[in-house]
Structures are given as structure tokens and as C-alpha cells.
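Make the full structure from the sequences, and use the hints.
Here's the letter readout for the chains.
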Amino acid sequence: MLKLEKRPSPSVMWSRATPVLAVALTMVAGGIMFAVLGKNPFEAIRTIFWDPLFGEFAFYLRGQLLVKAGPLILIAVGLSLGFRAGIWNIGAEGQYIMGAICGAALGLAVFPTENRLIFPAMVVAGALGGWAWAMIPAVLKTRFNTNEILVSLMLVYVAQTVLAMASTGFLRNPEGMGFPGSRNFSGYAAARNGFLWEGAGLHWGGVMALATVVAAYVLLQRHMLGFQIKLSGQAPRAARYAGVQPDRLVMLCMGVAGALAGMAGLFEVTGPAGQISIDFNSGYGFTAIIVAFLGRLNPVGILFAGLLMALTYIGGEMASTNLGLPSAAIQAFQGMLLFFLLACDLLTNFRIRLAKKGEAR
Amino acid sequence: MKRRHLLATAALGLSMAFGGAAMAQDKTKACFVYVGPIGDGGWTYQHHQGALDVQKAFGDKVEIAWQENVPEGADAERVLTQMALGGCNIIFTTSFGYMDATNAVAAKFPNVKFEHATGFKREHPNVSTYNARFYEGRAVQGTIAGRMTKSNKIGYIGSFPIPEVVMGINSYYLHAKKVNPNVELTVVWAFTWFDPAKEADAAKAMIEQGVDVIASHTDSTAPLAEAAKAGGKVIGFGQASDMSEYKPSPRVSSIIDNWGPYYVKRVGALMDGSYQQADAWEGIAGGEVLIGDITEAVPAEVKAEAEKLRDDIAAGTYHPFTGPIKKQDGSDWLAEGATAPDGDLLGMNFYVEGITGDIPK
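Quick note, the sequences are listed as chains A and B, same order.
FYI, my numbering numbers position 349 of the first sequence as 349, with every residue one higher than the one before it.
FYI, my numbering numbers position 335 of the second sequence as 335, with every residue one higher than the one before it.
Just so you know, the hints here were simulated from the structure itself, not pulled from any lab data.
Quick list of in silico lysine-lysine cross-link-like pairs, PhoX-like style, CA-CA up to 25 Å:
1) Lys39(A) <-> Lys61(B)
2) Lys153(B) <-> Lys233(B)
3) Lys27(B) <-> Lys265(B)
4) Lys229(B) <-> Lys204(B)
5) Lys39(A) <-> Lys29(B)
6) Lys39(A) <-> Lys56(B)
7) Lys39(A) <-> Lys27(B)
Non-contacting residues of chain B with respect to chain A, defined by C-beta distances greater than 10 Å in every case (computed):
8) Val179
9) Asn182
10) Ala205
11) Ala225
12) Pro261
13) Asp312
14) Ala338
15) Pro341
The beta-carbon is built from N, C-alpha and C at its ideal position, and this holds for glycine as well.
Below, the structure is given as C-alpha cells:
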């Protein structure tokens, strides 16, 4: 019989190996699913993982990979700080929406002024919007001890309603013939977040994501605050004795995550999305939670996890169009990735042993 | 300016390279972008039936490809680019929210034809738009609703407050009022095209208020399922698909979107070289809007009345928006005998006189 035995301390080796193992298992299980659907599993896996990077249209798709991974990484790094400290901000999607609305509102308010300072000011407004939205669950938690998971999640739905109001009301394009949606920023040079060079796929959001990865890495490795964050997650009591103020940490972690999510929203609305519209948000805030865990809450890990997640999206789209796979199969494939990751995580904290017969329990 | 020029040149190069390749093949490739899953009914399902009609009509001469669940916004632009690069000759984008993405990608691929459903922007010679006059079907539903209601309270589940939906509400109300002057209309906005839970909630809330006829502008069968629970007291209509599983009651009739004739016509025109940019808006007469079987739950004389209205609209002897009609605020819209110009309908952002409540702004 197999028996699980708790490890005295989490295995570093397995913690590093599980993401790789999870990807491998996903390929196997996903391949079986594709085969059952009547498609060639090798072709499907190749279309998802290989073609976007090295296939015929890689020149275009590699750039798109960065477009898709940028916001995921930016949001996930922010979330990971809180997650490490045991602060569960599930509402990044709402903070992303509010950041986009605040930043876009500033840009639209000064339309059509052309000034170099407009875009940076919009980025700041976006960060503030996300920060302010994250402060609601943070303050409620520190003042009234509410549960930040519930409050931040519920605020996503409030943000979606505000988004609907914005796109049908106060930010609606006055030249849009009554249709919902704001002006398109692609036609407004001062506020446009274009690619740094043609076909790059890298816009300011991607640059900010990379900078954030570096900053978070330094913070966690070299800074007192990073130590406090890690300590609070691992040993909350010890943290208190070490002089960590839990309330301050909650405000800080929620604030940083909110500001980063807000910025991600602003970069998206002024860049790839182009405008505020009713369904502007496409789930980056939620997917980033998966990315954060897939990356082991480690900034460098998140960088790779974000790129991998983007790959499954873009490759999945290709598989869907070119091979006629239903999009539900692609979603199931992405779901498997998280499932196997969590399942394999068991090995980090437990080891599997053969139980001897008659052993006392 | 220089940068934009560079961009245009690069885009041109890109499309020359691939547009040329696409022209060389003898099969015509028609591609379809769907906003939801194909599923077994509803908006996307109906578009997919149209796509299958194209395959049936031309057999080996065409190849069709599609992508489900494409979010409106940044992702749409990538999917469209992938399709254009992948050799699609004509791309149908089947949701309003793809408008800007369709025009942006069309600029880069002048040799690929783009057809955008329900939009109004044709910024490039290779972009056409098409829609169906669903308000004609709403007139038939309104007549049935006005005759069938016992509580004199009828309901409408709105998706988004865009002209398309507002004109449906107005047409439904006007024709209910015509046959039953005491009728009152309740509108609930769901802010979604497809969300069974939200749609069910909307229907439930209306039923509790005494509404006994529910029309919906959202895609799922959830409102009919809620109506069925009311034990025969509440009726509704199939939307987009026939939803015949709820026959003979609560589903007493339906509006069926029938895109096949248009798709076959356009792909055929592309193949024989007679293709031209268009702004198509067909209705019951053109076969794009079908009125699903009116069931025995409706008295014969009401059925005859509704069918006569349908036939008059098809024959062109009756326009659902024929004056005198006043706006909600009491101001004049259409004079006695005047019919609504298409421009007024496409930008419709007001309720007609008698409807209570406001369009969300």
C-alpha cells in the first residue's frame, strides 16, 4: 500500500520540479483528450507549444506572446507579494478594470491635447485607480477584520458594473452614434501605448512587467520588507515578535498589487484593447492568480509562468482555428495544467512511501 | 508621422507576402470568428449554421475555419491577424464588439475581405457590414405578447443598451400596445449576451412582479426554463434559435437568425468575382429573420393576426415603425404615416412614448 508521509520541511527539489512535471503530465493527459476527440495529439501539442515560437507565423506570434504575458506577469508579481504574506487579494480583475477606467478617463478628459506628459500621467492615474480599489478590502480588513478574499472578489463585480456605466455613459465616444465604448486610443498619439518598435510585441506594459520582476526579486532577496513578507506568511506569530505590523503589511501588499493591476489595465486599454468597452476585461486578473502559483510566487518563476500561460492561449487559439479543436477542449487543457500543478505540489510537502504490512498507524 | 509611415509600409509588405500566397490557392477559404461557444443554440450556433451552409453550397471549392469564444478587444485583433496570415480570403466577424479590431486588421490585409456583423464602421474598401432586421420579428412577438398577457405586464430582458436592442424593445412594446392599450413593459438589463444565471435571475425578478410574457435579447434558454417553472402561467419566446424543446409552452414562438443565405451569397460573389463592398440589412423578406412556429398555446385568431403581420412585413406593405410615434419624453419622432429611416433606427437611443424607466447611460 502507498502511504503519504509529511516531510519535516518542504522539499526544495520538488518545489522546483513540480511545474515541469505538471507541464509534462498536462501534455500527456491533454494528448489523450485530443486523441479521443479524433485529432492527432502530436500535431495538437506541437501547434500549441511549438508553432507560436518557431512555426511559419512565429514572427508575428512571438510578439503577441509578450502582449499576452505582459499584463499577466505584472499582476501576478503584485499578487505574489500578498500571497506570500498570507494576504489573499482575489480581486485583481476589479483593480485592473478600475485602473483602466481612471487612466483612460484622464486621457479622454484632455483629448485631443498633444503633450508628452499625458501618457505618463495616465499611467499614474491608472496605478492610483487600482490602488484605491484595493484599499477598500484592505481598510475593511484592518479596521473591521473583514475577509479580504470575499470583499476583493465581490468588488470585481462592482467594477464590472462601473465599467458598463463608463462605456455606455460617462466615457462613451461622443462620435460613436450611441454605441457603447469610449474613443479608441489608437487614434490619439499622446495617449497611445504602441509597440516600442514595429512588430515588437513589446509595449510599455511589457517593459514595466520586466522592471517589476527585477524590483520584486530584489525586494524579496535583499530588503527588510521582503523578509517581513516572507516571515508573515511562514510564521505569523514569529513575525509579530520580530516587530512586523500586520496592518501595515496588509495595506502595503494590497496597495502594491492594486497599483500594479491598475497599471496593467491602463497599458491594456491604451494599447492592445484600444478602448474602454463593456467587456474590456478578459480575465487577466483571475488568470494571474494561476500564473502566480505556477511561478511558485517567485518573481523569476512568474516571468516564465506568464510566458507559458500566454503560450497556451495563443497556441490554443491556433489549434482551435487550424485543427478545429473546440475551444472548450483548450480551456480544459489549461485547466489540467493547474490541476496537475496542485496535485504534484503534494510531493513538495509529502513523500510517498510503501507502507509495510502490519505497521502500526 | 515617420513612424506611422514605417508601420504602413511594413504592414503592406506583410500582407503582400501572404495575400499573394492566399490568392494562389484554388480553394476559397472562408473564416468565422465567434464570440461564444457554438453550443446547441443561440447567436453563435446560428452563425455556425450559416458557415456550414457555405460548405454545403460550394463543397470542395471552399474551406471553412472558425474560432469560438474570441473575446471582444485585444484578442480579437490577434485572432483576425492569425486568420488573415493563415490564408483566409474572407473573414466574417460575428459580433458588434469586433468592430475596431476588424477595421484595424483590414487595413493591414487589403486583399482579404472582412465582413462585420451588426457594426457600422467601414473604414476600408475591404470591410463590409451586415445585419438583420430583428425588430421586424419583435413586432410579431409584441402582438402575441399584447394579446396573451393576463396581468397586462410584459417583460424584456435587454442585453446591452445599444441601438440594436433598444429598437427591439420599442418594436415589441409598440405592437403589444397596439393590440392591448393597457399593457405595461418592464425592461431588465442583463449586460451580457449569454449568462444563464443572470438571465434566469432577470426572468425570476420579472415573474415575481407579475410579468407573464417574457421576451429576451440574450441567448440562453434560461428565461424559458424559469417561465416553465411558473406552471403554465408565463410564456416566452425562442431567441436566435428556435428553442423548440420548450414547445408548445412556455415557448410560443421564436425569432430565428438565419445567416446562411447571406453567407452563401457573399462567398459565392467572392468566388465569381462579383464581390463588392456592402452594407446589408435584410429582414423577414430576405429570409434572414425567420419567425418560428407559433404553437397551439396561442389562440387561432391571435396566431392568424401575428402571421398576417409577418406576411405584411415580408411583402413590404407594413413597416413596424410607422408614425405617428412619439419619443418617451413626449416629443415627436415620426409623423402620421411616416416610416422610420434606417439612420434613425441604427442610432436609436430613446424609448418610445409609454415605456417607463431609462436606458442606462
